[in-house]
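**Q** Letter by letter, the chains look like this.
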Amino acid sequence: MRKNISLFITLGLFILMFGAGSVMFRGFFSMQNFFNLLIDNSYLLILAVGMTFVIISGGIDLSVGSVLALSTMLASSLLEKSGWNPVAVIATVILVGTTLGFSMGYIIHTYELPPFIITLAGLYLARGLCYVISIDTIAISNPFWQLAARSQISILGTGFISPSVMIAIVLVASGIFVSRYTRFGRTVYAIGGNEQSALLMGLPVARTKILIYMLSGFCSSLAGIVFTFYTLSGYALNGRGMEMDAIATVVIGGTLLTGGVGGILGTVFGVLVYGTIQVLIMFQGTLNAWWTRIVIGFLVFLFCLFQRIMETRKGAKKKVVVPA
Amino acid sequence: MLHLRNLARHKIFWPLASLAALMVFNLFFTPNFFSIEIKQGHLYGNVIDIIKNATPIMILAIGLTLVIATKGIDISVGSVVAISAGFVAMMLGGAVDGAPAVPYAVAIIAALGIASIAGMWNGMLVSWIGMQPIIATLILLVAGRGIAMVTTNAQIIWLYTKPFAVLGQGYFLGLPVSIFVVAGLLGLTMFVTRKTALGLFVESVGINPVAARFAGIGAKNIIFAVYTFCGFCAGIAGIIVCSTVMSADGNNAGQGYEMSAILAVVLGGTSLSGGKFYLVGSMVGSLIVQTLTTTIYAFGVPPELAQLVIALVVLAVSLMQSHKFRTMVFGFFGQRESAL
Chain L
0 MRKNISLFIT LGLFILMFGA GSVMFRGFFS MQNFFNLLID NSYLLILAVG MTFVIISGGI
60 DLSVGSVLAL STMLASSLLE KSGWNPVAVI ATVILVGTTL GFSMGYIIHT YELPPFIITL
120 AGLYLARGLC YVISIDTIAI SNPFWQLAAR SQISILGTGF ISPSVMIAIV LVASGIFVSR
180 YTRFGRTVYA IGGNEQSALL MGLPVARTKI LIYMLSGFCS SLAGIVFTFY TLSGYALNGR
240 GMEMDAIATV VIGGTLLTGG VGGILGTVFG VLVYGTIQVL IMFQGTLNAW WTRIVIGFLV
300 FLFCLFQRIM ETRKGAKKKV VVPA
Chain Z
0 MLHLRNLARH KIFWPLASLA ALMVFNLFFT PNFFSIEIKQ GHLYGNVIDI IKNATPIMIL
60 AIGLTLVIAT KGIDISVGSV VAISAGFVAM MLGGAVDGAP AVPYAVAIIA ALGIASIAGM
120 WNGMLVSWIG MQPIIATLIL LVAGRGIAMV TTNAQIIWLY TKPFAVLGQG YFLGLPVSIF
180 VVAGLLGLTM FVTRKTALGL FVESVGINPV AARFAGIGAK NIIFAVYTFC GFCAGIAGII
240 VCSTVMSADG NNAGQGYEMS AILAVVLGGT SLSGGKFYLV GSMVGSLIVQ TLTTTIYAFG
300 VPPELAQLVI ALVVLAVSLM QSHKFRTMVF GFFGQRESAL
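As you go down the protein sequences, you meet chains L and Z in turn.
For what it's worth, numbering that gives the first Met the number 0 labels the leading residue of the first sequence as 0, then goes sequentially.
For what it's worth, numbering that gives the first Met the number 0 labels the leading residue of the second sequence as 0, then goes sequentially.
Quick caveat, the hints were computed from the structure, so don't treat them as lab data.
All of these numbers come straight from a predicted model, not from anything done at the bench.
Yeah, the Cβ is synthetic: ideal placement off N, Cα and C, and Gly gets one too.
Some clues are possibly wrong.
Partial pick of chain Z residues on the chain L-facing surface, computed with a CB cut under 7 Å [unchecked claim]:
#	residue
1	127
2	128
3	129
4	130
5	310
6	314
7	317
8	321
9	323
10	326
11	328
Some chain Z residues well away from chain L (every beta-carbon gap over 12 Å; in silico) [what the hints assert, rightly or not]:
#	residue
12	15
13	16
14	23
15	35
16	99
17	148
18	153
19	157
20	159
21	180
22	249
23	261
24	298
25	325
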């Protein structure tokens, strides 16, 4: 119960916000509104799953937004300009994203470089590659894509969601399973807790670290594909600042930035909170949409503050227990 | 040969060598790169342009060098630049007749004040609350962009107050005015950090904060001070940026500046893991970044691809700074370095 307090706070925050919106605005309280949250933010959810693993291990990945953009450019250009078939396109895009993740993870681990700088280089690299493909928007007219974009899956008649949401849900479920019930997942937490100890314990730290960044790359490219379902286009300026949104949702979800603590479920609630803020501001109508950024920033601050207080209290408790 | 190796040991050697290499490259491949003429009463040429365009990054780099020296980082400087630019533009007012709504000094001081408060906010989060610097400054990066947009009401404010343009576009004694601002700030910072014990305190906090605290150094105050100063520098940079284009764009102002500034500091020899810092090195680093960008444009490479080249440079520099990489590739160099 103690361990999950952060999770409950995030969930509570989401319920509070959604509730407040329902009271303040007519038409807010509906299943479809909730489903829209998922539809509009499915790409962010996918990004954030990958980011959760990275942050739990004590690292960071700044390239996710750019890899998402690269994926959209690659997908749209292969579909429209080269006429590839959809399955080949999806496979290629995911392969590219995962390889980029692998390269970054390899360099970070082997040469002991700070993840911040290497993933920053990855950000510029991916963004640059976007522009190499095209500076303009490429609209997608491929029928399979159109189907994926426009399909509506009805949920017990209360509303509908899109295929992207299904993809996101499957990924989230897999993520929760992997993080809690596989050796890989446990190793990720161990590395985040104390990398030296994990190494000394004999855990496959090198392999896991590289896999983590590969996973992040995979999620970024998958999120890119989902994003193209949403926008039916590829645009090089996509995803600017998305990495920060992903990090924010992970933090709000209760994952400690120092690593070792947290989980995907928290991140899901974090994404829901993020989405709700945007919807609230939209419903409000008069507030500048940029207020979302300010509120998110403030929430991240509150959660970090809370995390710090919990940390220091834990530390103080430890000191008391030491025998005289 | 021994002399060369001793020279190579000097931290400023590599940045200067890289800059020199870039200059030589341009000498051969860019026509008229080094031509300097006197036009309209001031120096004019590619090299002068590079120096003028590098000034905002140089100013940011001065503040960032001290922050990075304390083992911290500040990724919010770009957003603070936007806030400062937006604030000064909003205070001066976009009156078409060119009359400022408040005296120039008031607008400038107010913008610097806001920027310093932003720095103080970061400093409080890192020193007092003990948050990780990247996350603490992430908050302002995200929220700051929102604040900048709300300040300018999501519009681009255009300025017609001619005297204000002097800062970003004017020339004094033939050189751009902004370079004198940089020189003044650099001189002041170097004086305070090298001629007083403050520089030593900053370095010791970066190398080992716990030991520094036990040695009696007020680590928390030092950290608070460097982030405040960094915010102040971002404020100055914002004012100069606003003056250069005589407008404030809350959305685009300062975009990516933090990355260029961090790169400049890293190129200048200051390590991201804190400790010894090199202000002059950061200045050289800023010039390298700007020269690189200018060289790329001069070759007709589209600006977007410039980012790709910068990415490769960041990668190359990081690899060179990595002890393990040097040991693997340049065996003997690695062995000579003392284990750190």
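**Q** The structure should be examined with respect to each hint, and the outcome stated for every one.
**A** Outcome of the hint check:
1. Below 7 Å, beta-carbon pairs count as interface contacts, and residue 127 of chain Z has none with chain L, the closest being about 10 Å; its hint is therefore violated.
2. Taking 7 Å as the C-beta contact cut-off toward chain L, the hint placing residue 128 of chain Z at the interface holds, the least distance being around 5 Å.
3. Taking 7 Å as the C-beta contact cut-off toward chain L, the hint placing residue 129 of chain Z at the interface holds, the least distance being around 6 Å.
4. The interface hint given for residue 130 of chain Z is met, as the beta carbon of that residue sits about 5 Å from the closest beta carbon of chain L, less than 7 Å.
5. Hint status for residue 310 of chain Z relative to chain L: holds, with the closest Cβ pair at about 3 Å, below 7 Å.
6. Hint status for residue 314 of chain Z: holds, given a least beta-carbon distance of 5 Å to chain L, under 7 Å.
7. A hinted interface residue such as residue 317 of chain Z counts as satisfied when its beta carbon comes closer than 7 Å to some beta carbon of chain L; here the least separation is about 5 Å, so the hint holds.
8. Given the 7 Å rule on beta carbons, the hint for residue 321 of chain Z holds: about 4 Å separates it from the nearest Cβ of chain L.
9. The closest approach between the C-beta of residue 323 of chain Z and any C-beta of chain L is roughly 5 Å, which is under the 7 Å cut-off, so the hint is satisfied.
10. For residue 326 of chain Z, the interface hint is violated, the least distance from its beta-carbon to any beta-carbon of chain L being 10 Å, above 7 Å.
11. The beta carbon of residue 328 of chain Z comes no nearer than 10 Å to any beta carbon in chain L, farther than 7 Å, and the hint placing it at the interface is violated.
12. Non-interface status of residue 15 of chain Z relative to chain L is upheld: no Cβ of that chain comes within 12 Å, the nearest being about 22 Å off.
13. The claim that residue 16 of chain Z is not at the interface with chain L holds, since no C-beta of that chain comes within 12 Å of its own (minimum 21 Å).
14. For residue 23 of chain Z, the requirement that its beta carbon stay farther than 12 Å from each beta carbon of chain L is met, with the minimum near 25 Å.
15. Residue 35 of chain Z, annotated as away from the interface, keeps every beta carbon of chain L farther than 12 Å; the closest lies near 32 Å.
16. Distance check for residue 99 of chain Z against chain L: the nearest CB is about 26 Å away, which clears 12 Å, and the non-interface claim stands.
17. The Cβ of residue 148 of chain Z does not lie farther than 12 Å from every Cβ of chain L; its closest approach is about 4 Å, which violates its non-interface assignment.
18. For residue 153 of chain Z, the non-interface assignment is contradicted: its Cβ lies about 6 Å from the closest Cβ of chain L, within the 12 Å cut-off.
19. Non-interface call for residue 157 of chain Z relative to chain L: holds, since the shortest CB-CB distance, roughly 20 Å, exceeds 12 Å.
20. Interface exclusion of residue 159 of chain Z from chain L stands, the closest Cβ pair being 25 Å apart, more than 12 Å.
21. Its beta-carbon lying about 28 Å from the closest one in chain L, residue 180 of chain Z satisfies the requirement of being farther than 12 Å from that chain.
22. Here residue 249 of chain Z does not stay apart from chain L, with its beta-carbon only about 8 Å from theirs, under the 12 Å limit.
23. Against the 12 Å criterion, residue 261 of chain Z falls within the reach of chain L, whose nearest CB is about 8 Å from its own CB.
24. Distance check for residue 298 of chain Z against chain L: the nearest CB is about 15 Å away, which clears 12 Å, and the non-interface claim stands.
25. Residue placement check: residue 325 of chain Z does not keep its beta carbon more than 12 Å from all beta carbons of chain L (closest about 9 Å).
Hint compliance for this structure: hints 1, 10, 11, 17, 18, 22, 23, 25 are not met, and every other hint is.
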